[in-house]
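Chains as they are written, first to last, in this note's numbering: chain A, 1 to 151; chain E, 1 to 163.
Note that these hints are calculated values from the structure, not bench results.
Quantities reported herein were computed from a predicted structural model and do not represent experimental measurements.
Keep in mind that a hint or two might mislead.
Said to hold, decoys possible - Simulated restraints, written as ranges between beta carbons of each label pair:
#1 A:Gly141 / E:Gly146: 34 to 42 Å
#2 A:Arg23 / E:Pro84: 41 to 49 Å
#3 E:Met126 / A:Gln107: 19 to 27 Å
#4 A:Lys71 / E:Met122: 25 to 33 Å
#5 A:Arg72 / E:Glu109: 29 to 37 Å
#6 A:Ser142 / E:Leu151: 28 to 36 Å
#7 E:Pro40 / A:Thr115: 31 to 39 Å
#8 A:Glu114 / E:Phe90: 17 to 25 Å
#9 E:Ala116 / A:Arg23: 31 to 39 Å
#10 A:Tyr34 / E:Glu64: 42 to 50 Å
#11 E:Glu64 / A:Arg72: 25 to 33 Å
Don't be surprised by glycine CBs; every beta carbon is placed ideally from N, CA and C.
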Amino acid sequence: MRLQQATRCALFAVLELAQDPDRQISAPDIAEKYGISANHLAKVLRDLVRAGLVESMRGAGGGYRFSGNAKRVTLYEVVHMFEDIGSKPGGRPEGGDSSDIGRALGQVMNEIDETAVSTLKSITLATLLKLIHRNAAGQAGSRSKKDSVNA
Amino acid sequence: MPEAVGTTELAGDLVIRAAAVADVPAVTRLDSRITGMTKPDYWADMFERYGKRPNRFFLIAEGEGAGVIGFIIGEVRAWEFGSPPSGWIFALGVDPTARLNKIGSRLFEAMCGRLAESGVDMVRTMLARDDELNMAFFRSQGMMGGPFIQLEMSLYGFAGGHG
Ligand SMILES: CC(C)(COP(=O)(O)OP(=O)(O)OC[C@H]1O[C@@H](n2cnc3c(N)ncnc32)[C@H](O)[C@@H]1OP(=O)(O)O)[C@@H](O)C(=O)NCCC(=O)NCCS
Chain A
1 MRLQQATRCA
11 LFAVLELAQD
21 PDRQISAPDI
31 AEKYGISANH
41 LAKVLRDLVR
51 AGLVESMRGA
61 GGGYRFSGNA
71 KRVTLYEVVH
81 MFEDIGSKPG
91 GRPEGGDSSD
101 IGRALGQVMN
111 EIDETAVSTL
121 KSITLATLLK
131 LIHRNAAGQA
141 GSRSKKDSVN
151 A
Chain E
1 MPEAVGTTEL
11 AGDLVIRAAA
21 VADVPAVTRL
31 DSRITGMTKP
41 DYWADMFERY
51 GKRPNRFFLI
61 AEGEGAGVIG
71 FIIGEVRAWE
81 FGSPPSGWIF
91 ALGVDPTARL
101 NKIGSRLFEA
111 MCGRLAESGV
121 DMVRTMLARD
131 DELNMAFFRS
141 QGMMGGPFIQ
151 LEMSLYGFAG
161 GHG
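All chains should be built: construct the whole structure from the sequences, respecting the hints.
If you want it as structure tokens, here you go:
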């Protein structure tokens, strides 16, 4: 599954800011850190501000700060702001949808969509941040194991 | 008294311990508050099957002055599908008035401790895809989608077809 560029920008920005809600970061700094287009990011940040997930800080050292509830906002809510994921049948009909083949293919695609939606709905920003820390701890653990094997 | 499974853990004013037969009515009442169904026979049977045997764990959370406010049940399960034995959690409940106080987390951690001591290195569970509350809870504990997929099929049309 590949997320659209705006969605990826939004997730990087929200998660970067949610790591430390007291910290302000400028859009160019976020763009540079994740190698994403500053133009895209600026537009996405406006949408995130409107959704109440981040706030724009004025004045010297301005920038953005996380203002949502990381324990309750799920990845789905962020993704859904920028793309139509798991759209139910009955959305835009496409040629062949009502044929036997189209219906059977639709069943399979629905299964995939429903799994994707439930995965994204069940992972809050806080849960994803925990995953990042666990991954980092795991890497540090395997590094120190390697070091002791190499020693 | 059933064979004590593991030790009692004290966490603040919360005790996580193996359930005793005397806890069954309180667990039945708690489950009834959570699910809206009262199933005394079911819980007596659960205790018989999971409260007394090795590698099976029926734990409860007891709050000071509040009685039984949570339970979790799990076991070491030998999988049929080529997987080495793993831990399985298949029942969990916290008193609706006591939620979001880390009681579920403490029950889960205690269960993981028991399972790890039994020699397995993986814990699994199965949930309805749209069960957002339990899904968010297990995800928050670090659980991820595993390599197994549950498949199903309607048996409509099979009954009576084997005569
Ligand atoms: C799932 C359940 C066990 C969680 O118990 P709990 O004691 O409230 O859980 P915790 O306080 O340890 O929560 C741990 C994490 O789970 C997640 N979580 C729990 N409740 C949540 C909710 N209502 N919304 C979103 N996330 C939630 C959060 O990430 C939470 O971390 P946080 O406190 O830092 O936000 C409880 O809600 C429950 O009993 N649900 C019903 C279970 C059921 O259907 N049982 C049927 C009988 S088997």
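Against the structure, the hints:
no., hint, verdict
1, A:Gly141 / E:Gly146: 34 to 42 Å, "violated (21 Å)"
2, A:Arg23 / E:Pro84: 41 to 49 Å, "holds (44 Å)"
3, E:Met126 / A:Gln107: 19 to 27 Å, "holds (22 Å)"
4, A:Lys71 / E:Met122: 25 to 33 Å, "holds (26 Å)"
5, A:Arg72 / E:Glu109: 29 to 37 Å, "violated (22 Å)"
6, A:Ser142 / E:Leu151: 28 to 36 Å, "holds (34 Å)"
7, E:Pro40 / A:Thr115: 31 to 39 Å, "holds (37 Å)"
8, A:Glu114 / E:Phe90: 17 to 25 Å, "holds (22 Å)"
9, E:Ala116 / A:Arg23: 31 to 39 Å, "holds (36 Å)"
10, A:Tyr34 / E:Glu64: 42 to 50 Å, "holds (48 Å)"
11, E:Glu64 / A:Arg72: 25 to 33 Å, "holds (29 Å)"
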